[in-house]
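Engineer: Below, each chain spelled out in residue letters.
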Amino acid sequence: MSQDTFLLDGEEIPFTRGQTIMEAARAAGKFIPHLCWHPDFTGHGSCKLCTVKANGHLNAACVTAARKDMTVENRTPELDDKRRTLLQLLFVEGNHFCPSCEKSGNCVLQATAYELDMMSPHFDHFFPDRPVDASHPEVLLDFNRCILCELCVRVSRDIDHKNIFALSGRGIAKHLVVNAESGRLADTDFSLDDKAAQVCPVGVILTKKKGFSVPIGQRRFDATSIATQVTEAAAAAQEEV
Amino acid sequence: MDAPRKLKVATTSLAGCFGCHMSLLDIDERLLDLLEIVEFDRSPLTDIKHCGHCDIGLIEGGVCNAENVHVLREFRANCKILVAVGACAVNGGLPAQRNHLQLHEILTAVYATEAGLASGVQIPNDPELPLPLNQVHPIHEVVKVDYFLPGCPPSGDAIWKFLTDLVAGCSPHLGYGLIRYD
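Protein chains in written order, with the numbering used here: chain X, 63 to 303; chain H, 1371 to 1552.
Honestly, the hints are just simulated from the structure, not real lab data. A hint or two may mislead.
What the hints assert, rightly or not - Okay, the calculated bits of chain H under chain X, using three or more residues with CB under 8 angstroms as the criterion:
no., stretch
1, 1457-1467
2, 1481-1494
3, 1518-1527
4, 1545-1552
Said to hold, decoys possible - Taking beta-carbon pairs under 8 angstroms as the criterion, some of the chain H residues facing chain X (in silico):
no., residue
5, Ala-1454
6, His-1470
7, Glu-1511
Claimed, not checked - Taking beta-carbon pairs under 10 angstroms as the criterion, some of the chain X residues facing chain H (in silico):
no., residue
8, His-184
9, Ala-285
10, Ala-299
11, Gln-300
Virtual Cβ for every residue (Gly too), placed ideally from N, Cα, C.
Please work from the sequences and hints to get the whole structure.
Structural biologist: Laid out in structure tokens, this is it:
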């Protein structure tokens, strides 16, 4: 029996039952822009960057099951325009000063903005006041860069079983907090070995005493784009098979 | 047929560090090619004090004081195409990292309470000094900006690609590797 497929930007993408559009596309080397999705964890569907048009309906690709013969639009000018606007909103709502950020070059937000040709923030900046938490001996929390993807919240709760992070507040006041009476990371049992310490797509959770150990210019997204890396990873996986 | 008229270009640095201007010089010998097709009006390179009618205005730096606002408006009024060059012009950059602090607290800390100051030092208030704004703003929050060239600074190659696209009459497209925010 031949494998089920769907059409993604005109190309046939094979999928197995239960796979999301995101998972099937990625396995086929097709990049769907995303921020709150991580290949190791269940989709969350909150950042909406992976919104695709599936059979004419807008759906988050990370939480929508692939179905036989569905037609999915992904990298169309219309969808990429909306994605760029979402990125611009994220950039102006936080304090994203790439030149002084240790995550620059390794940052998924930045790499996605490069991929989508984001040349300006477009909107007026909020310049919010978000003090950092430097209380922990091994880890610095710089809340200025938080995009509320909840990866650290989910991973600390579901994988590390420590439940160290949470989101608090609503609307524009929503922000990342530490689950300790003092609100300080030092007063939790957070450790660098936690999976949650490795998942931040931006520069919030940073390892202390390791600043700029890899120089700018030799970092993850410096040589090739985030989309190219997805294509290359799928090709490498195919070769192994 | 006469040679085509050279495009007039003006440049300035507002709340910037002149790093973007240094990066403009980093196009190296291509400067000579550039000077075949453009001539500079107001710019730190010419020391002309006011901006005449220009085709392209390149703005480095954000807006941190009243003088920056006047200069930026002069450029907008005189330049057909206005370009935000570098992180500070695009999003405020390093100077905007003061934005979550109160201006009087910063001035007091620097000029009054900082350790090691001579006695009797006051916050400078000479009428010649432009008044600082409460916050540093990217230039698109003050005037209409036509194009943005991010980077801290944008590389010489990015500036060259941007300018040659613009001079050729097409929308500048940097492509991967030349768009950088750091």
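Engineer: Against this structure, judge whether each hint is valid.
Structural biologist: Hint by hint, here is what the structure shows:
1. 1457-1467: Our answer is that it holds, as 8 residues pass the Cβ test (under 8 angstroms) against chain X, meeting three.
2. 1481-1494: Result for this restraint: violated, n = 0.
3. 1518-1527: holds (count 4)
4. 1545-1552: holds (count 5)
5. Ala-1454: holds, 7 angstroms
6. His-1470: At 4 angstroms from the nearest chain X Cβ, His-1470 of chain H passes the 8 angstroms test, so the hint holds.
7. Glu-1511: holds, 5 angstroms
8. His-184: Check passed: Cβ of His-184 of chain X comes within 8 angstroms of chain H, closer than 10 angstroms.
9. Ala-285: Hint holds; Ala-285 of chain X Cβ to chain H Cβ min 8 angstroms, cut 10 angstroms.
10. Ala-299: violated, 23 angstroms
11. Gln-300: Violated. Min distance 24 angstroms.
Violated hints for the displayed structure, listed by number in ascending order: 2, 10 and 11.
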